[in-house]
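2 protein chains.
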Amino acid sequence: MHVWMNGRLLAREDAHVPVTDRGLLLGDGLFETMAVRNGEVCDLHGHLERLKSGLGVLRFGEAVDTDELGPAIKQYICSQKATCGVLRLTVTRGTGPRGLAPPAEVSPTLLMTLSPMPPRREAISLRIVTVTRRNEHSPLSRIKALPYLDNVLALLQARASGADEALLLNTRGAIACASAANIFVIRDGCLETPPIEDGALPGTTRARILSWAGEAGLAPREVSLSPQAVAGADHVFLTNSVSLVQEARDCEGRSLNRRAASAIDRLRSLLMSATQ
Amino acid sequence: MHVWMNGRLLAREDAHVPVTDRGLLLGDGLFETMAVRNGEVCDLHGHLERLKSGLGVLRFGEAVDTDELGPAIKQYICSQKATCGVLRLTVTRGTGPRGLAPPAEVSPTLLMTLSPMPPRREAISLRIVTVTRRNEHSPLSRIKALPYLDNVLALLQARASGADEALLLNTRGAIACASAANIFVIRDGCLETPPIEDGALPGTTRARILSWAGEAGLAPREVSLSPQAVAGADHVFLTNSVSLVQEARDCEGRSLNRRAASAIDRLRSLLMSATQ
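Protein chains in written order, with the working numbering: chain A, 1 to 276; chain B, 277 to 552.
What the hints contain is simulated information worked out from the structure, not anything from laboratory work. Treat each hint with caution, since some may be false.
Claimed, not checked - Using C-beta positions, here's what the derived DEER-type ranges look like:
#1 A:269 x B:328: 49 to 59 angstroms
#2 A:68 x B:529: 39 to 49 angstroms
#3 B:504 x A:103: 28 to 38 angstroms
#4 A:118 x B:343: 32 to 42 angstroms
Claimed, not checked - Straight-line distance between alpha carbons at most 20 angstroms, and here's what the computed SDA-like set of lysine to any residue pairs gives:
#5 A:52 x B:407
#6 B:328 x A:131
#7 B:328 x B:347
Positions of the beta carbon are idealized from the N, C-alpha and C atoms, including for glycine.
Start from the sequences and build out the full structure, keeping to the hints where you can.
Right, here's the structure in full:
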């Protein structure tokens, strides 16, 4: 697989960024992780809209021609003859002088890579981590910014305790998200997920699941989630662009209920059948 | 100036990192910014100790031979015939597969650059920013991790409002730090700075200033700082490795007192005269 960088295809071993890139030095940039199925990006529009929103927050939207990104993504997939995989698009503020202040003229670094689609996992175990908290006071909790180190630490702690995934609390002690996924619970016919203000990333799959809840016989609700709400739910699952719907089997070492399997199957098949 | 990378000197235009570096993709790494004066790094020991502490938090300390870093830094400065400047050391977790989980074998990226020492600034104006909050619940607030995007946003907001520097509140509304500096106030013979638990980075200059307060006739206190405490202080200043002591002249558009100039001069000269 080649890497796409600023409009050029490069062999992976030739694909580098300068050591002055602000993405590397300061985490100053954004990314999107997109599933490719049947040669097409799933929900390309949703991903590009979130990227635009992030560029606005970071204030270098004028330096990135987002209208050109859609065609460039499609062309890249086509050039690699990719039918199924994971496409990551990374956008940094490019190079700059020493220090935090961005250069007056931003020349962004645009980067795309393709990776194999990971195998689907059985139901996973969750751990509510203590190593860090999700900062719902930061606008970075609402955009897909490069800094993912809190999430890396959360995942490391979960894995060290034998769990598959981490649940992060926000600074008020409500559950915000997993290390790389949104969380949903099904309870009494409702489909609940933490609101964006609680530090949940506005996941593209999260948005689609919320909009399709009715078709699975569920009433969608954005509501703060306590650890107790997770423990007592009828069903708990995580969502992201790659795994789509990932069921959880236990949390904090205690088995979770899995009483809404048919609703889960319905949501999964709605996601799988939707391409654009 | 050449760049030092994993033990090799490279021309700046040849110094690159692979697009799979986790520093670039996830902000997974650390850095130190050190002042070089008279051909020597100021407080090298303090910087290396903080780096070690950060490596422990990120759990890849075993992959970095920190004993070799001191000699490598000195050799790099010598090779560049640098007498005065800013040395940045960046350490990332190196390359890895897609996703958050680190590779089993970490091969870190080590990087050093030298930049000119910026000119000393007159007293600066401060703005308490609203765009984001410092997350004192994250261990990243206590190590010098690569993710500095919240700080970049803070600085952008301060600059957009005509101020020179941003003050960040933590999630409880106490002042934590500036975008790239610690904050101190002098009040009634006391030298006050926010404690680490409030989200203040354990700055190397901060530590030295606290230890030398007595020599400037001041009693050091680590105590939460409110915006009111800043507004009413006898003197307000910021510290970091490069600017050392940076006086503030106003905050939120209102003039600050500058009644402790002799103590400031004393602290500055103590810092300037200390090399190791």
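Here's how the hints hold up against the structure:
A C-beta distance of roughly 51 angstroms is found between residue 269 of chain A and residue 328 of chain B, which places it inside the suggested range of 49 to 59 angstroms. In this structure the hint that residue 68 of chain A and residue 529 of chain B lie 39 to 49 angstroms apart at CB holds, the actual value being about 42 angstroms. Evaluation of the 28 to 38 angstroms hint for residue 504 of chain B and residue 103 of chain A yields a pass: the beta carbon distance comes to about 36 angstroms. Roughly 38 angstroms separates the CB atoms of residue 118 of chain A and residue 343 of chain B, a value that falls within the hinted 32 to 42 angstroms.
Of the supplied pair hints, the one linking residue 52 of chain A and residue 407 of chain B holds, its CA atoms being roughly 18 angstroms apart against a limit of 20 angstroms. Note on residue 328 of chain B and residue 131 of chain A: the hinted pairing holds, with a Cα-Cα distance of about 18 angstroms set against a maximum of 20 angstroms. Between the alpha carbons of residue 328 of chain B and residue 347 of chain B the distance comes to roughly 16 angstroms, so the proposed pair stays at or under 20 angstroms and holds.
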